[in-house]
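Participant: Chain residues, written in single-letter form:
2 protein chains.
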Amino acid sequence: MAKNKPVKPKSLARKPRGFPDKREDVLQAELDMIERVTSVYRLWGFEGIETGAFEYADALGKFLPDQDRPNAGVFALEDDDEQWMALRYDLTAPLARFAAEHWDTLPKPFRRYAYGPVWRNEKPGPGRFREFMQCDADTVGSGSPAADAEMVAMMAQAIRAAGAAEGRFVVRVNSRQLMSGLLDQIGTSDEGTRLTILRALDKLDRLGLSGVADLLGEGREDESGDYTKGAGLDAERIKTVLAFAEAGKSTRGETLDALAKALHGSEIAAQGLSELKVIDSMLFALGAEDNVVTFDPTVIRGLEYYTGPVFEGELLDEITDEKGNTVRIGSIGGGGRYDGLVSRFRGEDIPSTGFSIGISRLAAAMAITGQMETLSGPVVVLVLDQEHASDSHALASRLRAANIRSEVYMGSSGMRAQMKYADRRGSPAVVIVGEDERAKGTVTIKDLIVGAQKAKAIKDNTEWRESRPGQVEVPLDGMVDTIRGMLEAQK
Amino acid sequence: MAKNKPVKPKSLARKPRGFPDKREDVLQAELDMIERVTSVYRLWGFEGIETGAFEYADALGKFLPDQDRPNAGVFALEDDDEQWMALRYDLTAPLARFAAEHWDTLPKPFRRYAYGPVWRNEKPGPGRFREFMQCDADTVGSGSPAADAEMVAMMAQAIRAAGAAEGRFVVRVNSRQLMSGLLDQIGTSDEGTRLTILRALDKLDRLGLSGVADLLGEGREDESGDYTKGAGLDAERIKTVLAFAEAGKSTRGETLDALAKALHGSEIAAQGLSELKVIDSMLFALGAEDNVVTFDPTVIRGLEYYTGPVFEGELLDEITDEKGNTVRIGSIGGGGRYDGLVSRFRGEDIPSTGFSIGISRLAAAMAITGQMETLSGPVVVLVLDQEHASDSHALASRLRAANIRSEVYMGSSGMRAQMKYADRRGSPAVVIVGEDERAKGTVTIKDLIVGAQKAKAIKDNTEWRESRPGQVEVPLDGMVDTIRGMLEAQK
Chain A
1 MAKNKPVKPK
11 SLARKPRGFP
21 DKREDVLQAE
31 LDMIERVTSV
41 YRLWGFEGIE
51 TGAFEYADAL
61 GKFLPDQDRP
71 NAGVFALEDD
81 DEQWMALRYD
91 LTAPLARFAA
101 EHWDTLPKPF
111 RRYAYGPVWR
121 NEKPGPGRFR
131 EFMQCDADTV
141 GSGSPAADAE
151 MVAMMAQAIR
161 AAGAAEGRFV
171 VRVNSRQLMS
181 GLLDQIGTSD
191 EGTRLTILRA
201 LDKLDRLGLS
211 GVADLLGEGR
221 EDESGDYTKG
231 AGLDAERIKT
241 VLAFAEAGKS
251 TRGETLDALA
261 KALHGSEIAA
271 QGLSELKVID
281 SMLFALGAED
291 NVVTFDPTVI
301 RGLEYYTGPV
311 FEGELLDEIT
321 DEKGNTVRIG
331 SIGGGGRYDG
341 LVSRFRGEDI
351 PSTGFSIGIS
361 RLAAAMAITG
371 QMETLSGPVV
381 VLVLDQEHAS
391 DSHALASRLR
401 AANIRSEVYM
411 GSSGMRAQMK
421 YADRRGSPAV
431 VIVGEDERAK
441 GTVTIKDLIV
451 GAQKAKAIKD
461 NTEWRESRPG
471 QVEVPLDGMV
481 DTIRGMLEAQ
491 K
Chain B
1 MAKNKPVKPK
11 SLARKPRGFP
21 DKREDVLQAE
31 LDMIERVTSV
41 YRLWGFEGIE
51 TGAFEYADAL
61 GKFLPDQDRP
71 NAGVFALEDD
81 DEQWMALRYD
91 LTAPLARFAA
101 EHWDTLPKPF
111 RRYAYGPVWR
121 NEKPGPGRFR
131 EFMQCDADTV
141 GSGSPAADAE
151 MVAMMAQAIR
161 AAGAAEGRFV
171 VRVNSRQLMS
181 GLLDQIGTSD
191 EGTRLTILRA
201 LDKLDRLGLS
211 GVADLLGEGR
221 EDESGDYTKG
231 AGLDAERIKT
241 VLAFAEAGKS
251 TRGETLDALA
261 KALHGSEIAA
271 QGLSELKVID
281 SMLFALGAED
291 NVVTFDPTVI
301 RGLEYYTGPV
311 FEGELLDEIT
321 DEKGNTVRIG
331 SIGGGGRYDG
341 LVSRFRGEDI
351 PSTGFSIGIS
361 RLAAAMAITG
371 QMETLSGPVV
381 VLVLDQEHAS
391 DSHALASRLR
401 AANIRSEVYM
411 GSSGMRAQMK
421 YADRRGSPAV
431 VIVGEDERAK
441 GTVTIKDLIV
451 GAQKAKAIKD
461 NTEWRESRPG
471 QVEVPLDGMV
481 DTIRGMLEAQ
491 K
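Protein chains in written order, with this note's numbering: chain A, 1 to 491; chain B, 1 to 491.
One or more hints might be untrue.
For identical chains, the list gives no copy identity; a pair is met inside one copy or between any two copies.
As the list claims (entries may be wrong) - Straight-line Cα separation of at most 27 Å, BS3-like style, residue types lysine-lysine; simulated pairs:
{"#": "1", "residue 1": "Lys420", "residue 2": "Lys229"}
{"#": "2", "residue 1": "Lys108", "residue 2": "Lys420"}
{"#": "3", "residue 1": "Lys277", "residue 2": "Lys454"}
{"#": "4", "residue 1": "Lys108", "residue 2": "Lys15"}
{"#": "5", "residue 1": "Lys459", "residue 2": "Lys22"}
No wet-lab data here; the hints were simulated from the structure.
Work out the full structure, taking the sequences as your base and the hints as a guide.
Facilitator: Here it is in structure tokens:
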């Protein structure tokens, strides 16, 4: 192994920024979320598909839904046929390529779900990675509002299945048509002004009506003294926008009425309203009541990308962030109708709708709000005497045959190190077979959870030696039942 | 959406070679395999971890275990800090980096499992992809043969859990020390000759003893007339190698005896034999009998990479390939001891052992040998009248509440197209609500599997109309039970 001789250690054992390593607790939480969410997609009849990590760069296009990072980079490289390919930055662009490529033989409309990592070549930061998991569902080839309604209702169901309590989450729905209607109504055709207006609307939650009014007018200075230039609207127009912003009511029906009042005379807005009406009645048919799905004119999402209804799934739980502020967990995903994405490949009209759930964010939120089970490590069978190590392996085999997660300590260190190992593994219990036990045909089992709790209450060494908290010696044949009992008691 | 207008369709909707798209049947089969295999790893106490897709190129190194592709390429690109990073080509190199980086705080030995895609920048071909799934388990920081034995026994258990019938698979074990001992014994120090000898051994299965003898001597001409130059050994040395090659017997004990006879005088071989003896007894303790794990001196695997025991998992089922030949499915993964890989990062001795299972290959093999369940598509609720589409959505909701996978047809086509859609989706049944049914409060349910079979036996139109095979009309409240009954009957 001459080639493998040690070389400057520190320069090697490091990883690129923004690509997280995940230990078992985080990994299992994410897998659990994927399982719960995709189970819903499957139950609703969507077909699971998976595409490769790479697409040709020209097939990926530049259609990132996230308006705040329109120039988000991709990881691209030149293939040996001199064509550029890039790692997918979402799951929608590969779907569009796949659907367009196989359109003639697919069941139509094509309803598929997918999950997997996506890659964005951006500056990483705290909680901001260059590789993360998404879990999407899309319907390709249906322009019906029913398809949008299904997405919205299914997203709500997926969030519920992820473990969010009733009343602690909501899917908020808006429509690109309504926003276009509003902008037409106030007579702004300048792209920059339109964007500033929509960004102001997006901040209603945080800044309130007067803050938004400032941003629609001259501008606004925040607490830190930073000044944001406004859209420069006059008082009349600001009033129109605010009436739109305030149209969100507690039921979808009331919101539709308020929106109809706020938006008048625009054909595109009328079309958006009529679609939302259909979506409303479909949602009731799908069991998604007013408390689960709301219509909310302040939901913005990507402007370039979406062409019809847009929606956003939110967790309403509030948590304390690292600065001690109480913040709402907020968005864990969203989507909308994107009629241009598949069409551009085919030269024919292929309207589509879908959404994406950010799995890491969802799993982290569920962990924070205490809606996740904690994982238990394996039972560790110690090896006190290497010569009899195979006895320990036979015991572990017996435990595994009873479906109890267990392992043998594989190192060469002594008792103290082995107990430390079990501790680091989060073991519920250890099994010990010394000379004594071997002679008697018994095993000693130490409960590391309840035992540790009891040990705390003990005052001195003598009492400890006499009571041996959480420690029992049982005949070999009683091992499985004893450990099973301990695991039950620890729950 | 001016930016999304159609452009040269055919130049866009295509994907790079070697990155497979997977539809639901293949995808579910692979996920099922991952679930079965990782359940075993977890039960044996291994910790699941996941690392990012990218590693720094210098951290990945060039330690591909596959000797036939020593120069296998990676997908590499330069990060914005001007360091080169590359997509992982296996799961072992990232583990080595991870373990070295976190060695001080990890439980030691560190036993982990992982699965995920790996990427190799090679020429793709039939069944040969540039992205594929691996599922690994490794123990880092134990030089004990017990750790190797655990790997071997666990690999056998994983293959069993994947669905391989008892007696239809085997894990074959060899040792790098034995091979080194053999090569020392016949006095070849030339690296090229040593490689030729080992490649010849590797072919015993296919060419038999005389074919191998030719390759050890002057050379061999195959049926096509291609000539392979041999190792150029003399008769005496050929005899020595063949005695080694033939040492594989039906029990591990007999093989160890035969190997001891074939290898004499080499210290390194003696060391290898003594390790295999420990592994043998550990395997018995772990319940891996002679029919499940064999010792086989013709298992070669990577020379540069492995430093001790090596092993290979094989499916013994024979299948007919595309040319009509009967072939054994063969290797679905393997591994061995690699003591240099983690050590090179740390400048200290960190012996390691592990193996990898090729998930796609395993899933394909299980599908071929009929050991996989076939998937059923969703029940499709048809929409005969768009105005009453929400009725169909309510019915699908009801089915889903009863955990029956179902969907509403989302297109705008007529009855015939909807039935074709259901067919393409592999639906077990469709639900129809026309004007008639709506008036009566019933639904019509059509069994697409049993119904189709019965329909075949029907001679004329009149008989069909009268019997309506597989078609029933039931009250709304009977829908769920009727469909559940159909699904049961279809199993």
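Participant: Could you tell me which of the numbered hints above are not met by this structure, giving the numbers in increasing order?
Facilitator: Checked against the structure, the hints that fail are numbers 1, 3 and 5, while the rest are satisfied.
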